[in-house]
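Enquirer: Each protein sequence line maps, in turn, to chains U, D and P.
Heads up: the first sequence begins at 1 in this note's numbering, then just goes up one per residue.
Heads up: the second sequence begins at 1 in this note's numbering, then just goes up one per residue.
Heads up: the third sequence begins at 1 in this note's numbering, then just goes up one per residue.
Check before you lean on any hint, since a few could be wrong.
Residues from chain P that face chain U, not an exhaustive set, calculated with beta carbons under 10 Å [unchecked claim]:
#, residue
1, R97
2, L98
3, A122
4, F132
5, I144
6, R148
Within a straight-line C-alpha distance of at most 20 Å, the following computed SDA-like cross-link-like pairs (lysine to any residue) qualify [what the hints assert, rightly or not]:
#, chain 1, residue 1, chain 2, residue 2
7, P, K46, P, N91
8, P, K139, U, H146
9, D, K186, D, L75
10, P, K175, D, S91
11, P, K125, U, A172
12, D, K119, D, S258
13, U, K143, P, E117
14, U, K101, D, S258
15, D, K88, U, R270
16, P, K139, U, Y142
17, D, K119, U, N253
18, P, K175, U, R270
19, D, K88, U, R268
20, D, K119, U, V250
21, P, K149, U, Y94
22, P, K226, P, L98
23, P, K173, U, E277
24, D, K87, U, R270
25, P, K173, U, I224
26, P, K173, U, H146
27, P, K220, P, K175
Derived by calculation from the structure, the hints in this document are not laboratory data.
None of the values given here were measured: they were computed from a predicted structure.
Yeah, the Cβ is synthetic: ideal placement off N, Cα and C, and Gly gets one too.
Chain residues, written in single-letter form:
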Amino acid sequence: MINIYIILTTSTNLLVGMTNLLSLGQAALYGIGAYLAVLALMALHLSLLPTLIFVILGTSLLSLLVAYPSLRLRGDYFVLATLGFQLIVFTILYNWVSVTKGPYGIPGIPSLVLFGDIIISGIIPYLILSSIFAIGVIIIFYKLIHSPFGRALKAVRDDELSAQAIGRNVTALKIWAFVVSSGFIGISGLLYASYVSYIDPTSFNLDEAIFILSAVIIGGTGNIKGPIVGAVFVVVLPELLRFVGLPDSVAANLRQIIYGLMIIILMRLRPQGLAGEYALK
Amino acid sequence: MFLQFMINGIIIGSIYSLVSLGFALVYNTTRIFHLAYAVLYMFCPYIILTFYSNLGYPLIIAFIIAIIITILLSLILEIIIYRPLSKKGSSDNIIMISSIGIMIVVINIVAMLYGNETKILNQNISETLTFGSIIITYTQLAQFLISSFLLVVFLMFLKFSKFGIKTRAMRDDTILCSVFGSDIYKMRIALFTLSAIFAAVGGGLVAYDVGMDPYVGMPMLLNAVVALIIGGIGRFEAPILGGFIIGILQSLSVWAFSARWQDAVTFTLLILFLMFRPQGLLGEKRRTV
Amino acid sequence: MNNDTILNIDSIRKSFVRNIVNVRGKDEDERFFLLEDIDLLVSKGKVTALIGGNGTGKTTLFNIISGFFNADEGKISFMSYGKHVELTGINAYKIARLGIGRMFQDNHIFQNMSVLENMLIADDKFFGERPFESILFYKINNTIEKQRKEKAEKIFAELFGDNNPFLKMKNEKAKNLSYGQQRLLGLARLLMGDYKLLLLDEPTSGVNPLVVEKIKELIKYFVEQKELTIFLIEHNMNFVLDVADFCHFMSKGIIAMGGTPEDIIGNPEVRKAYLGI
Numbered sequence: 001m002i003n004i005y006i007i008l009t010t011s012t013n014l015l016v017g018m019t020n021l022l023s024l025g026q027a028a029l030y031g032i033g034a035y036l037a038v039l040a041l042m043a044l045h046l047s048l049l050p051t052l053i054f055v056i057l058g059t060s061l062l063s064l065l066v067a068y069p070s071l072r073l074r075g076d077y078f079v080l081a082t083l084g085f086q087l088i089v090f091t092i093l094y095n096w097v098s099v100t101k102g103p104y105g106i107p108g109i110p111s112l113v114l115f116g117d118i119i120i121s122g123i124i125p126y127l128i129l130s131s132i133f134a135i136g137v138i139i140i141f142y143k144l145i146h147s148p149f150g151r152a153l154k155a156v157r158d159d160e161l162s163a164q165a166i167g168r169n170v171t172a173l174k175i176w177a178f179v180v181s182s183g184f185i186g187i188s189g190l191l192y193a194s195y196v197s198y199i200d201p202t203s204f205n206l207d208e209a210i211f212i213l214s215a216v217i218i219g220g221t222g223n224i225k226g227p228i229v230g231a232v233f234v235v236v237l238p239e240l241l242r243f244v245g246l247p248d249s250v251a252a253n254l255r256q257i258i259y260g261l262m263i264i265i266l267m268r269l270r271p272q273g274l275a276g277e278y279a280l281k
Numbered sequence: 001m002f003l004q005f006m007i008n009g010i011i012i013g014s015i016y017s018l019v020s021l022g023f024a025l026v027y028n029t030t031r032i033f034h035l036a037y038a039v040l041y042m043f044c045p046y047i048i049l050t051f052y053s054n055l056g057y058p059l060i061i062a063f064i065i066a067i068i069i070t071i072l073l074s075l076i077l078e079i080i081i082y083r084p085l086s087k088k089g090s091s092d093n094i095i096m097i098s099s100i101g102i103m104i105v106v107i108n109i110v111a112m113l114y115g116n117e118t119k120i121l122n123q124n125i126s127e128t129l130t131f132g133s134i135i136i137t138y139t140q141l142a143q144f145l146i147s148s149f150l151l152v153v154f155l156m157f158l159k160f161s162k163f164g165i166k167t168r169a170m171r172d173d174t175i176l177c178s179v180f181g182s183d184i185y186k187m188r189i190a191l192f193t194l195s196a197i198f199a200a201v202g203g204g205l206v207a208y209d210v211g212m213d214p215y216v217g218m219p220m221l222l223n224a225v226v227a228l229i230i231g232g233i234g235r236f237e238a239p240i241l242g243g244f245i246i247g248i249l250q251s252l253s254v255w256a257f258s259a260r261w262q263d264a265v266t267f268t269l270l271i272l273f274l275m276f277r278p279q280g281l282l283g284e285k286r287r288t289v
Numbered sequence: 001m002n003n004d005t006i007l008n009i010d011s012i013r014k015s016f017v018r019n020i021v022n023v024r025g026k027d028e029d030e031r032f033f034l035l036e037d038i039d040l041l042v043s044k045g046k047v048t049a050l051i052g053g054n055g056t057g058k059t060t061l062f063n064i065i066s067g068f069f070n071a072d073e074g075k076i077s078f079m080s081y082g083k084h085v086e087l088t089g090i091n092a093y094k095i096a097r098l099g100i101g102r103m104f105q106d107n108h109i110f111q112n113m114s115v116l117e118n119m120l121i122a123d124d125k126f127f128g129e130r131p132f133e134s135i136l137f138y139k140i141n142n143t144i145e146k147q148r149k150e151k152a153e154k155i156f157a158e159l160f161g162d163n164n165p166f167l168k169m170k171n172e173k174a175k176n177l178s179y180g181q182q183r184l185l186g187l188a189r190l191l192m193g194d195y196k197l198l199l200l201d202e203p204t205s206g207v208n209p210l211v212v213e214k215i216k217e218l219i220k221y222f223v224e225q226k227e228l229t230i231f232l233i234e235h236n237m238n239f240v241l242d243v244a245d246f247c248h249f250m251s252k253g254i255i256a257m258g259g260t261p262e263d264i265i266g267n268p269e270v271r272k273a274y275l276g277i
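Can you build the whole structure from these sequences, using the hints too?
Expert: Pasting the structure below:
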């Protein structure tokens, strides 16, 4: 799970930390990735590599549909548009029973097939596979952040007006950031679906979207370290609480309360998050 | 049947209008994207539950106590969370994220104390009035009358009182308003109080009809925000108009398709507005530099 | 538009709506024309100054030229690389790419980026700014990045001499520079792009006399050595007298007067309406 969340938060950081765009639609993209993966695995019987390409392209293309109209809007409106997108996607996943099985979910998702007959199943192979993906994603995002593309995004984040005045197409850059980040979020959807072998829409609801965003914000925005810290923190904290010996019913709520308090305190004292370098604007 | 759904739409629309107006009061004047407002809406019925069902107070008294406690919660949030952030000059996004934090904390405290399951306030089935083929429950009637009353009183108040003029001045230009000697933070106390009243009344009225769980605030808040966008940010009549439009539209979409798709209809409407008329029905573009 | 003209502003009108609460406490919307009818020519290779009282719409005019606002009526044409281009309705970033550089009134440099990055980002080559370009073609990217750095350092050296503070602080965040230094960085940044016309909005506001002298020097250098055309808004009359070749006085939404700086600033009407002397 840590690896999945690292991919989620690292990708989201490109949006939140590098471009200063708060998106509440990340869980919808995560869900789209997962459902597309199921489509590829169960209906088309693809092996790992084609599935991966299918999921990345599919998620990116679908995100373009949201990105294009919503990124022409300013600040608050962008958040609202992504929120609207999140809720519409959830409603579709939940209610389009003939395709998504709605609230009943889709069980029995097959394991990933690497090449020919090498099947990845069991905890250890998954751990290795997801670690490879997570590290790959981290490296790619590190390169991106330190490329001219990353620099242009930083410019947009700092001062949109100036960025336009020096000939940078702000809307196009934001759309790229959104689409690239979405494509990688699709990967985490794929890993999740094949790891738990059962998906239903409630894993991709608004609470999850808020959760992903909080993980990024708690960890920190604007560099590569922050989102990783955030992902590790939100996955490890529940285990810690269990270790302390709290009953599960209380622990679930208590965990949320800790996240909430951390967000409030961080925003007041350290708006760049635990390990981030750039404070949100 | 069409008429029945229309009436239902108007009744729920009046609640949306009320809640949306409360949100607009804070958002239009302070630019705080007050997501924790959802929590106030959810919080009030739980207090009613404590005083009415558990301690046996009369319903009206319990309702009033609950409104007062909700106002207190709203003021606590303003004083210990929003005010320091705004004095520090934090950005809108930071304030909004803090608001998400507050929302998470309060929802989970309520869930710990009262449990996650749905609770109901009114054990009896509400009696009904029948006009021809149209059926309205007494609860619905109360919802409509109380919220309409509050809306009308508020609009009159806004038009004619000194406070109303100040509110509108603050909406237009906060800095200028403070230069002219209005104490912005005193104004904000008043605004957070009023908005808490609207949330609490809305929350109480709906919960009396259909019950509540700790998560009811968010969907209602979303409807309120969509109402505000559709109506247009700026004028205070706008969220009221938006509220009724959404109420009627949702009710009609239940009539035409099914209840499952009403959220999709609402948010499609939101996205259409954001794309084609982001200033809303009653808004106009302003000079921003 | 003859060959000496680089920018032709023709009958520009722009209105805004203001929403006011009147004395009786009623909301009112009112439409008013900030720019009534603006006609203006900017000559190639010269420094043209625009003066006028606060709130007369000078910056709004600049914003219309740069494409941040659309005018209600009128058109603007620009001589870009030997071709006439209509600027009306074109996006701001495209206008910049046509060769119009802009400096804003309150610096607007990228505060959280390093001094060097502020220069690199303003380069007129866009290679590597699409997401995977820099990873897929990392060799080309490295070469271009190196060229960009050399270009930036050369500009710093030319403008401010060897051993200047910008070279020393190149890896520090731009917000650590003083206000005057930020202004100079903003001017230096304009040389990274391949601009023909620079719009400078109050280049001397809020900086000390030493920096004003430096800016004067830079403007002369831009015009004489780099063959740039400069169109600037200014309140500092001595500065206008020193650097400008032409001067236009804007009042009540129109260009009330145009001519040499001496004539305009010496004109009794201008002195009365604007300077109050």
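Enquirer: Which earlier hints can't be squared with this structure?
Expert: Those not satisfied are hints 7, 12, 21, 27.
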